[in-house]
Every structure is written in structure tokens, then in C-alpha cells.
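> If you want the building blocks of each chain, they are given just below.
There are 2 protein chains.
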Amino acid sequence: MPNNRIPLPTVNRLSLYLKCFSELASSGTEYASSDQIARSIGLNPAQVRKDLAYFGKFGRRGFGYHVEQLKEHISKILGTHKQWRLAVVGTGNLGRALLMYPGFQARGFKIIAGFDVDPAKVGWELDGARIYHMDEIEKVIKKEKIDIVVITTPKDSLDAVMARLKETDIKGVLNFAGKHLKDEKIIVRNVDVALELEQLTFFLTNKNIE
Amino acid sequence: MPNNRIPLPTVNRLSLYLKCFSELASSGTEYASSDQIARSIGLNPAQVRKDLAYFGKFGRRGFGYHVEQLKEHISKILGTHKQWRLAVVGTGNLGRALLMYPGFQARGFKIIAGFDVDPAKVGWELDGARIYHMDEIEKVIKKEKIDIVVITTPKDSLDAVMARLKETDIKGVLNFAGKHLKDEKIIVRNVDVALELEQLTFFLTNKNIE
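First to last, the protein sequences are chains A and B.
Going by this note's numbering, the first sequence opens with residue 455, and the numbers climb by one from there.
Going by this note's numbering, the second sequence opens with residue 455, and the numbers climb by one from there.
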């Protein structure tokens, strides 16, 4: 399977390419040059050519890259050609921001449910997602065929939430709880906003690095 | 300057190492082995040894790595040994979540101010940060010596916000607006939650990659 050979830094850029090709496709562009792609996502053209070479022959000499074909191909690699069903655990400010985030649906993510321990929040509907009590999480995940859970609870609750999720068929977790998480069974991606800020201050402190 | 030679994937892991060494230091651990570090952040020990070798000689044969020294060294590289002054533009759910995020202060980030176009929000205080009207942004950034601005507005407002920021001495932007941003003068880090989900679905779709 060719995906096995895609290096991780390229994987990290796949979403940028997908976004770029989606925008080009919706503006009616049929072919795009590596220069054009590079400009739109802030990379250099050589890097773009190297990255896109991993996906096979989608370029045509003198024309550039076939936008629609590359869009579909990268979408398949990223798994966003199918719709993923999401639930959000924790409905504080961050949880609500995610439950109502307008950019998910267009990228193949549908938020089905939210969970909270606060009985006052149970029964709310936010942009089509219903809020359930945490007590019901295993039942709702099964009934609603949830694929991915986004955790936005305080970090002290993380282990308890994960223990519950391990009893379900959840495949992936996006973890905003601010504590690094790894699991044998469930694939986890950790998002840490302070870490994003640290990456920024790294470049502010070491301006000459790139 | 040795930082110039640190490869980007290692840079991306620096925050994880800093977190790990901070936790070890506060639990009173003086030396840690690469095995111990690797386990706590979910990498393999060979990768840890390779990464830490970029920072110089902090290991002692038979003892492991000196936790406090590495913590301080990485903190300096990341620029988190000083306090950074932050402002948040947009005080919707995400903006408020960031204004009240408990994990910033401990990692060297102090949120000073929020900005919104809604006059009803002006004058609020959220965990010590005051909300100002967008009209005052240049004045407040100067007066409060803000270093970094976190943008949480809808993507349609991004260009207008950036035009205002270019009139200030802001050094860095963390962009949550959901549109990729690059700037000649201001260092930008883009955070896109849908992109984080796509990285997750990539691994769910290509489980055999790692």
C-alpha cells in the first residue's frame, strides 16, 4: 500500500493540500502548477513537487497538476471521502465552540452528540447535536454509531472518560484535555493550545531558523 | 547558534519534552533515562536519545539525563523562560475558552486582554483579562505591551484583523480563524481543528502506517 511510504511531515501537510485543491476545484480551476499551489499554502514549489510525487502521476507536462483528481486522491488517503460521526465530551466554552464549529460538515465531520455531567445541560440541542448525560455515553455511542470522540473536559477527568470509551467501539479520540494521552486500542491525537503557543514562541525566539 | 541545526520534527517535539521534564522536576526526579522519558511521552527511546543529543551533553552515563538542566535549556530554546503577554481577538465560545484556559499561566503565557466588536461585551473581565472594543486594539496593544495575538474570529474577519495588527508591534499570531494565513512581518501559527481531525482520520484509515 503506497501510503506506507509517505513520510510524516508530508502527512502533516496533506490537509493543507486538500484544502488548497478543494478551493481551486470550487473556483473552477482544472490544472494548477506547483508554483501556484506553493504560493497558496506558503511552501516552496520544490517541496510541493516532492510531496505530490508520493501520490502518483497527477501532473501533466505543461499543464500542471489535475486539481479534481488530486483532491479526490488526497481525500481518500486522509479518510475524509466518507463521513465521520463525532461526539464531544464536555460542553464548556471549548466544547460548545466545537459543537457549533461551522467548518466541520464541509470537511466530512458530523457532530452528533455532546456529553456533560451537568444535568442542567442535558437535552440541549446545539446546531443539531443533542447533549446527553455522561451516564449514557456507552449507550449513545453505540446507538448513534459514533466513530470519533473529542474530549474537552478538565485534565483530571481524562482517565475516567477514557475508561468509559474503552468499553465502546470508538476508533479515535481528539484530546483537548491538556494532558498527553496514548492508548493501545484507540488512536489518539493530542491538541494542546499552550504547546501551539510554545511552537510560536520558539520561532519568535529563534527567528533565524528558517 | 546551535538551534539552527534542530530539525523541524524535533522542534515539534520540544514542547512534549518540556512538559515531561517539568513534571519529572516537580515530582523531585533528578535524573531520567531515555526509556523513562520515551514511555512518558509515547516515543521510542532511540528517538529520544537522538532528539536530546541536539541540545548538548545533559546525560551522565549510568544516571540518565539531568532533568532540571534539560528543562531550563529547552525552556530557553522555546522562549518560555520569559513571560509572553497575550491578547485574544474574538470573544465567542472559543475566545472565551482561551481567555479562561487554566494551563497558560504555568507555561509562561499571560492573557491580558480580549477584543470584540460587540459593545455589550466591552468592559467584561474574564479571569483577569479585560474585554475592549476592536476600535481600541492598536492603542491597547501598545499600552499593554502585547507580544502575541490569538485570533478566534470568523474567517471572513481575518484579513481586517491582520490589517489592524500590521499597524502594531505584534510579533506573533496564533490563528484559529480556520483560514490559512501567512505574513511577511508577523510570525503566524495556524491552528485548524478540522485539520487535526483529518490527521486523526488519516491514521484511522491507514492503521498500518506506524
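Derived from the structure by calculation, the hints contain no laboratory data.
Don't take every hint at face value.
The list cannot tell twin chains apart, which means a pair is met if one copy fits it or any two copies do.
Below are the EDC-like pairs computed for lysine to aspartate or glutamate, each with C-alpha atoms no more than 16 Å apart in a straight line [unchecked claim]:
id : residue 1 : residue 2
1  : LYS620    : ASP572
2  : LYS564    : ASP581
3  : LYS596    : GLU477
4  : LYS609    : GLU477
> Next, verify each hint and record whether it holds.
Structure-based check of each hint:
1. Proximity of LYS620 and ASP572 under a CA criterion of 16 Å is satisfied in neither setting, with 22 Å inside one chain copy and 43 Å between copies.
2. Taking the shortest alpha-carbon separations for LYS564 and ASP581, only the intra-copy value of 11 Å comes in at or below 16 Å, while the best inter-copy value is 33 Å.
3. For a Cα distance limit of 16 Å, the shortest separation of LYS596 from GLU477 qualifies neither inside one copy, at 35 Å, nor across copies, at 37 Å.
4. Within a single copy, LYS609 and GLU477 get their C-alpha atoms only as close as 37 Å, which misses the 16 Å cut-off; across copies the closest is 14 Å, which meets it.
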